[in-house]
Amino acid sequence: MKQRSFKAIGLTTTLFTLATPALAQQTSNTDVQRQLQELRARIQQLQSQLDEQQSQASANESEQTRQLAEENSQILEAMKRTEINGQLEFGATFNDWSERDKDTGGDLDFGKFNLGVDGGYDQYKYSLQYRFYNGYRFLHHG
Numbered sequence: 296m297k298q299r300s301f302k303a304i305g306l307t308t309t310l311f312t313l314a315t316p317a318l319a320q321q322t323s324n325t326d327v328q329r330q331l332q333e334l335r336a337r338i339q340q341l342q343s344q345l346d347e348q349q350s351q352a353s354a355n356e357s358e359q360t361r362q363l364a365e366e367n368s369q370i371l372e373a374m375k376r377t378e379i380n381g382q383l384e385f386g387a388t389f390n391d392w393s394e395r396d397k398d399t400g401g402d403l404d405f406g407k408f409n410l411g412v413d414g415g416y417d418q419y420k421y422s423l424q425y426r427f428y429n430g431y432r433f434l435h436h437g
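When the letters of the sequence shown are read in order and numbered with my numbering, they come out as residues 296 to 437.
The hints are simulated quantities; they were obtained by calculation from the structure and are not laboratory data.
Incorrect hints may have been included.
As the list claims (entries may be wrong) - Label pairs and their computed distance ranges (CB to CB):
id: 1; residue 1: Tyr425; residue 2: Glu347; range: 54 to 64 Å
id: 2; residue 1: Tyr431; residue 2: Asn367; range: 45 to 55 Å
id: 3; residue 1: Gly415; residue 2: Trp392; range: 36 to 46 Å
id: 4; residue 1: Leu403; residue 2: His435; range: 44 to 54 Å
id: 5; residue 1: Asn380; residue 2: Ser350; range: 44 to 54 Å
id: 6; residue 1: Tyr431; residue 2: Glu356; range: 48 to 58 Å
id: 7; residue 1: Ser343; residue 2: Lys420; range: 36 to 46 Å
id: 8; residue 1: Phe408; residue 2: Leu363; range: 18 to 28 Å
Heads up, the beta-carbon is just placed ideally off N, CA and C, and yes, glycines get one too.
Can you make the complete structure from the sequences, with help from the hints?
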């Protein structure tokens, strides 16, 4: 009988040894499933953080765009107050004692042409005038 009990103990040990890898595999599957769930939760958390950062970035970009548009509108308003001016001058002569002037009606000559820009932005004012005369041209003031 002692032999039988020894064989029974051996058989039980063999069954336990065969069952241990199955239990270990089942435990490792449970661990893998748990880790997988944790990873999925972490991915969702990171995705929500990314979405939040992108929405904040787009809000910042739209705020910067709004500020830039306001600055540009102020500059455009200042440019609307800019004046462009000019002057064109001709000289005419008529001599009643000259037969040529009596036939042609006199002489008409180019005198000068002035082109100017005046305006300002904030506290700064600007003015520029360029003059063209017959034969020469120069900056009058700027």
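_Ascending list of hint numbers which this structure does not respect_ = Hint check: 2, 3, 4, 7 and 8 fail, others pass.
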